[in-house]
Amino acid sequence: MSFLRDPASTPGTLTRADAEWPRRLRRIVRATLHHWERRGLLEAGELIETEELLTTELVTNALRHGRGPEIRYRLYLTVTHLVTEVRDGSTEAPVLRHAPPTAESGRGLFLVDVMAESWGVSEDGTTTWCTLPLTKGPEEMQSVAVTAPVLREIPMDLPTDPSAAGLARIQARTLLTVLSWPGNQHFAIDVLHVLVDNAVQHALTAGRTGQTFGARLSITEAHELLVDVTDPVPEFPNFDKAVAGELGRGLWEIARQGAALSWFVVGSEFDAKTVRAILRPGVVEP
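So for the sequence shown, full-length UniProt numbering puts the first residue at 1; every next one is plus one.
It should be emphasised that the hints constitute simulated quantities derived from the structure, not laboratory data. Treat the hints with caution; some may be incorrect.
Pairwise CB distance ranges, derived in the manner of DEER restraints [unchecked claim]:
| # | residue 1 | residue 2 | range |
| --- | --- | --- | --- |
| 1 | Thr177 | Phe110 | 39 to 47 Å |
| 2 | Arg169 | Pro281 | 37 to 45 Å |
| 3 | Lys241 | Leu167 | 39 to 47 Å |
| 4 | Phe110 | Pro11 | 13 to 21 Å |
| 5 | Thr209 | Ala19 | 35 to 43 Å |
| 6 | Gly68 | Leu111 | 19 to 27 Å |
| 7 | Met115 | Arg16 | 49 to 57 Å |
| 8 | Ala19 | Glu153 | 25 to 33 Å |
| 9 | Pro237 | Pro11 | 18 to 26 Å |
Note that the coordinates shown come from a computational prediction; the quantities given were computed from them, not determined experimentally. Glycine residues also receive a C-beta, built at the ideal position from the N, C-alpha and C atoms.
Use the sequences and the hints to build the structure in full.
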């Protein structure tokens, strides 16, 4: 999710409007972890309080010291970890300070360093991340592969009807040129087409308005291409079988050619999912 910094804010201070965001995100974190626990994806336990604290410190640090107008917050699961990312748009990397016990502030990243299993900053300095180990890994949801921080992304508006796959293919030709991705762009277009077509066939309801649906192309610092397609169904039964070719050939074919596939729940009400394909730079051979 993303939100805008209060225009009245100044470096080193928090306005009343900005100070509300850490509180809101703590509630979102708690609700998200409880939701994932109910779905059998993790055991929340002590993760909740620790993650609330980590989120508070990273977001507060971004609001106090970042320079960009927008803050982006992301919380997601891998097979073994809960990952938090906060992007503040500033290229000045945060600094770990060891504040004295009597100090009223300045311990944010110190607490992150103590409580997180690991933490770091993207090469461009815009994104701070940290991880917590899971006591129970995801069973139903395919883990989202950890990628390098995203440098650039372009959303795609698509109609919620069968024409979406063809239109996605047409738009992608231009967007991949704009992104200058150093990989097999023909294969990337095929991947997008398969993911959109799969969503249209299995997740969209004909004639229903207001459905969550769209696609996004992103480039990471490692020059990976992320192809994300979001649809209004927060589940993907038999995902592994679909990738293995036991339930159709579309996902199997693009996975066979090198696309790393995963899916994860999204939406403020956890009412949608994103299917992701990660493509590495360089030519992909069939």
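If you check the beta carbons of arginine 169 and proline 281, does the distance land in 37 to 45 Å? violated (21 Å)
Falls inside 19 to 27 Å, the C-beta gap from glycine 68 to leucine 111? At roughly 23 Å between Cβ atoms, leucine 111 and glycine 68 fall inside 19 to 27 Å, so the hint holds.
Range hint 13 to 21 Å (beta carbons of phenylalanine 110 and proline 11) holds or violated: holds (20 Å)
Regarding methionine 115 and arginine 16, is the given constraint of 49 to 57 Å on their beta-carbon distance met? Because 27 Å falls outside the window, the suggested range is violated.
Okay, lysine 241 versus leucine 167 on CB: inside 39 to 47 Å? violated (29 Å)
Holds or violated: 18 to 26 Å for the Cβ distance of proline 237 and proline 11? violated (49 Å)
The hint says 35 to 43 Å between threonine 209 and alanine 19; measuring C-beta to C-beta, is that right? holds (37 Å)
Using the C-beta atoms of threonine 177 and phenylalanine 110, is the stated range 39 to 47 Å upheld? holds (45 Å)
Could you check the hint for me, namely that alanine 19 and glutamate 153 are 25 to 33 Å apart, CB to CB? holds (28 Å)
Violated hints, listed in ascending order, are 2, 3, 7, 9; each of the other numbered hints is respected by the structure.
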